[in-house]
Amino acid sequence: MSKLTRVTELFRRAGAREAAVSLGLMAAARTLNLRVLQIVSIARGRLEPDYLKLAPEFEAGFVDEAQLVPYVVANPDLEMTPGFVRDAFSRGDLCYAITCGGEIASYGWYSNRPTEMFDGLTFHFDRSFTYMYKGYTRPEFRGKRLHAVGMSRALDAVASRGFRGLVSFVDRSNVSSLKSVYRMGYERVAKIAIFPVNGSHRIVRLGGSPALEVSVQSGAFAV
Amino acid sequence: MHRTLQRFVLVVALAGVSCTPGSEPRDVDAVARDYVALVLATGDHDPNFVDAYYGPEEIKTAAANDARTLVELREGALLLRGELAAIEPGDDAMDRLRHRYLDKQLAAAAARIGMLLGETLRFDEETQRLYDAVAPAPDVDAYERALATIERLVPGEGPLAARVEALRREFVIPPDRLQSVFDRAIAECRDRTLRHIDLPEGERFTLEFVTDKPWSGYNWYQGDTYSLIQVNTDLPIFIDRAVDLGCHEGYPGHHTYNVLLERELAIERGWVEFTVYALFSPQSLIAEGSANYGIDMAFPDDARYAFEEGVLMPLAHIPTENAARYRALREALAELDGAGNEAARRYLDGDWTRAQAIEWLVEYSLSSPERAAQRVDFFDTYRGYVINYNLGRDRVEAYIQAHGDSEAERWRAFKELLGSPRLPSDLNPP
Numbered sequence: 000m001s002k003l004t005r006v007t008e009l010f011r012r013a014g015a016r017e018a019a020v021s022l023g024l025m026a027a028a029r030t031l032n033l034r035v036l037q038i039v040s041i042a043r044g045r046l047e048p049d050y051l052k053l054a055p056e057f058e059a060g061f062v063d064e065a066q067l068v069p070y071v072v073a074n075p076d077l078e079m080t081p082g083f084v085r086d087a088f089s090r091g092d093l094c095y096a097i098t099c100g101g102e103i104a105s106y107g108w109y110s111n112r113p114t115e116m117f118d119g120l121t122f123h124f125d126r127s128f129t130y131m132y133k134g135y136t137r138p139e140f141r142g143k144r145l146h147a148v149g150m151s152r153a154l155d156a157v158a159s160r161g162f163r164g165l166v167s168f169v170d171r172s173n174v175s176s177l178k179s180v181y182r183m184g185y186e187r188v189a190k191i192a193i194f195p196v197n198g199s200h201r202i203v204r205l206g207g208s209p210a211l212e213v214s215v216q217s218g219a220f221a222v
Numbered sequence: 000m001h002r003t004l005q006r007f008v009l010v011v012a013l014a015g016v017s018c019t020p021g022s023e024p025r026d027v028d029a030v031a032r033d034y035v036a037l038v039l040a041t042g043d044h045d046p047n048f049v050d051a052y053y054g055p056e057e058i059k060t061a062a063a064n065d066a067r068t069l070v071e072l073r074e075g076a077l078l079l080r081g082e083l084a085a086i087e088p089g090d091d092a093m094d095r096l097r098h099r100y101l102d103k104q105l106a107a108a109a110a111r112i113g114m115l116l117g118e119t120l121r122f123d124e125e126t127q128r129l130y131d132a133v134a135p136a137p138d139v140d141a142y143e144r145a146l147a148t149i150e151r152l153v154p155g156e157g158p159l160a161a162r163v164e165a166l167r168r169e170f171v172i173p174p175d176r177l178q179s180v181f182d183r184a185i186a187e188c189r190d191r192t193l194r195h196i197d198l199p200e201g202e203r204f205t206l207e208f209v210t211d212k213p214w215s216g217y218n219w220y221q222g223d224t225y226s227l228i229q230v231n232t233d234l235p236i237f238i239d240r241a242v243d244l245g246c247h248e249g250y251p252g253h254h255t256y257n258v259l260l261e262r263e264l265a266i267e268r269g270w271v272e273f274t275v276y277a278l279f280s281p282q283s284l285i286a287e288g289s290a291n292y293g294i295d296m297a298f299p300d301d302a303r304y305a306f307e308e309g310v311l312m313p314l315a316h317i318p319t320e321n322a323a324r325y326r327a328l329r330e331a332l333a334e335l336d337g338a339g340n341e342a343a344r345r346y347l348d349g350d351w352t353r354a355q356a357i358e359w360l361v362e363y364s365l366s367s368p369e370r371a372a373q374r375v376d377f378f379d380t381y382r383g384y385v386i387n388y389n390l391g392r393d394r395v396e397a398y399i400q401a402h403g404d405s406e407a408e409r410w411r412a413f414k415e416l417l418g419s420p421r422l423p424s425d426l427n428p429p
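Sequences listed follow chains A and B, in order.
Letter 221 of the first sequence, counting from 1, is numbered 220 in numbering that gives the first Met the number 0, and no numbers are missing.
Letter 330 of the second sequence, counting from 1, is numbered 329 in numbering that gives the first Met the number 0, and no numbers are missing.
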């Protein structure tokens with residue numbers, strides 16, 4: 000697909016305003032290393048009941064390290080390394096997977112403590128929420144809403160343990176992902192702008208709802 | 000464009016945004032209570048999983064009616080870990096230890112449940128996940144040196160294991176003397192322990208001799224400072240097992256450990272998770288390691304031999320002419336302690352048959368074929384648990400030795416270890 004076709008497609012799908020914002024932010028990311036993250040959250044009450052239903056050919060649930068590591072070793076296309084899996088489990092993170100005939104079709108990771116994002120930055124959030132990150136659906140299973148189903152079922156499970164909802168972030172320039180999370184019921188919490196200044200990061204929260212505390216901080220989080 | 004955009008962003012930053020915190024997640028006590036319920040419910044699927052429970056009756060009743068499947072129980076363990084991760088452990092050192100301990104116990108429970116579901120782990124992965132430790136590779140050269148020493152101690156014809164067994168048989172406690180020898184040994188272990196550790200008034204135990212078990216001794220802690228100690232008499236019991244088991248199962252071993260956990264953590268701090276003991280968990284390496292090293296704590300230097308030769312052997316009507324040779328044999332045999340780990344590792348990983356594992360144990364542990372077979376039965380039942388005895392002992396010894404040179408300092412560190420939620424990985428040298 001040529002660049003012009005992609006831009007035309009973006010305007011067609013997102014509308015002129017969103018497409019312009021997206022293109023502007025992509026340009027800012029390239030020239031200034033500026034990233035703007037849209038922080039979103041979803042409470043259990045906003046879950047779409049249909050997303051909790053699982054087609055009969057699938058099974059779903061939280062998986063353990065012993066299940067996941069050998070599988071990841073044998074399936075590098077899953078975009079997870081054994082080291083990543085071990086580190087995530089050692090922090091107490093959770094992986095919710097949807098399987099089909101014993102094969103992982105889709106997965107998502109969930110954390111209840113500040114979590115490393117990128118460039119040495121850590122995402123902090125209200126601890127009554129669970130942070131959803133690294134969702135992935137295998138190409139052959141896409142179009143079946145598995146990400147939404149897995150996320151909804153994971154939210155249902157963590158909410159049953161007293162958590163208020165899920166929090167996540169999406170690059171503000173990623174129009175299709177944003178549309179997807181809003182369709183699932185996510186709401187906007189805030190935007191966070193991150194850009195480099197003199198070898199470190201300037202991090203700025205841009206408005207949003209004061210009801211949910213989120214921040215991005217430099218450095219790793221250690222208990 | 001660069002400067003304009005930066006200025007815009009900085010203006011927004013200076014404007015600031017107020018944030019209000021949300022509601023707090025549940026506290027550690029609530030997670031701990033669910034952990035206890037989970038362990039008890041898992042015990043319904045695995046009869047060896049719950050070693051002891053003396054906590055609230057209502058949790059036990061609820062667990063008896065807990066219809067969760069193993070898949071649901073594992074998911075429950077994972078979710079509890081996730082929930083615990085949301086809770087700040089606080090600044091108090093004991094609170095932080097508790098937080099980590101509970102997390103590792105939950106992770107081990109999830110791993111064990113996975114094994115019950117049929118998932119296979121390699122031996123080292125199993126011990127890492129269940130006991131927070133991996134046994135080192137065998138030092139066959141060291142074993143060979145120990146075997147050469149033993150060869151000199153029991154020269155003659157025939158297999159070395161048989162010659163060793165022949166010498167050991169001179170030190171078998173006659174069955175009609177077992178009760179009196181064990182009573183005396185445990186009394187001595189208790190007396191030596193109470194010189195350094197205060198135990199609650201009324202703490203007590205019952206000693207029973209049993210048969211047809213895969214272990215040689217067991218402490219069934221009942222709560223309220225009471226233990227049922229059982230000794231397996233399937234095979235002849237050598238004189239040294241009296242002090243071994245008296246210390247290991249009683250003082251300052253399992254009985255003392257459980258009494259201190261009950262008093263200092265379960266009662267004084269109200270930490271309910273210490274009212275249950277999940278056998279296949281990191282707690283076991285601390286329990287078995289401290290119980291084994293407790294023998295050296297109670298009987299430092301040659302005190303043990305003096306007691307055995309001066310008191311127990313006469314009580315058992317065992318002649319003492321060969322006692323010095325037997326002592327040297329035991330010291331050399333101690334060098335072979337780790338050999339059992341390798342037998343378990345290779346056998347459970349499927350590299351060796353049962354016969355090969357027995358053969359290795361006969362060759363490198365110098366066990367009789369009968370004792371080697373009993374050992375392999377233990378592997379079948381308890382799997383990687385075997386490392387907790389010798390690796391646990393080594394870890395606890397290193398930890399205690401690093402905490403002081405004097406006897407008083409070492410006992411202080413030992414008591415602190417028994418009465419705190421430390422993990423095997425906390426025992427690693429700094």
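A few of these clues could be false.
To be verified - Simulated DEER-style distance windows between Cβ atoms: (1) Pro55(A) <-> Asp140(B): 53 to 61 Å; (2) Asp376(B) <-> Pro81(A): 28 to 36 Å; (3) Thr7(A) <-> Asp90(B): 32 to 40 Å; (4) Ala29(B) <-> Lys52(A): 38 to 46 Å; (5) Asn427(B) <-> Gly100(A): 40 to 48 Å.
Claimed, not checked - Which bits of chain A does chain B cover? Going by a derived footprint, with three or more residues having C-beta under 8 Å, they are: (6) 100-109; (7) 143-154.
Note that these hints are calculated values from the structure, not bench results.
For each residue, glycine too, the CB sits at the ideal point set by N, CA and C.
Against the structure, the hints come out as follows:
1. For the hinted restraint 53 to 61 Å between Pro55(A) and Asp140(B), the CB-CB distance of approximately 59 Å keeps it satisfied.
2. The supplied range of 28 to 36 Å is met by Asp376(B) and Pro81(A), whose beta-carbon atoms lie about 34 Å from each other.
3. In this structure the hint that Thr7(A) and Asp90(B) lie 32 to 40 Å apart at CB is violated, the actual value being about 57 Å.
4. Taking 38 to 46 Å as the suggested C-beta distance range, the pair Ala29(B) and Lys52(A) does not conform, at roughly 31 Å.
5. Against the hinted window of 40 to 48 Å, the Cβ-Cβ separation of Asn427(B) and Gly100(A) comes to about 42 Å, which satisfies the hint.
6. Three residues within the 8 Å Cβ limit are the bar, and the segment 100-109 of chain A against chain B gives 1, so the coverage statement is violated.
7. With a cut-off of 8 Å between beta carbons, the segment 143-154 of chain A has 0 residues touching chain B; three or more are needed, and the interface restraint is violated.
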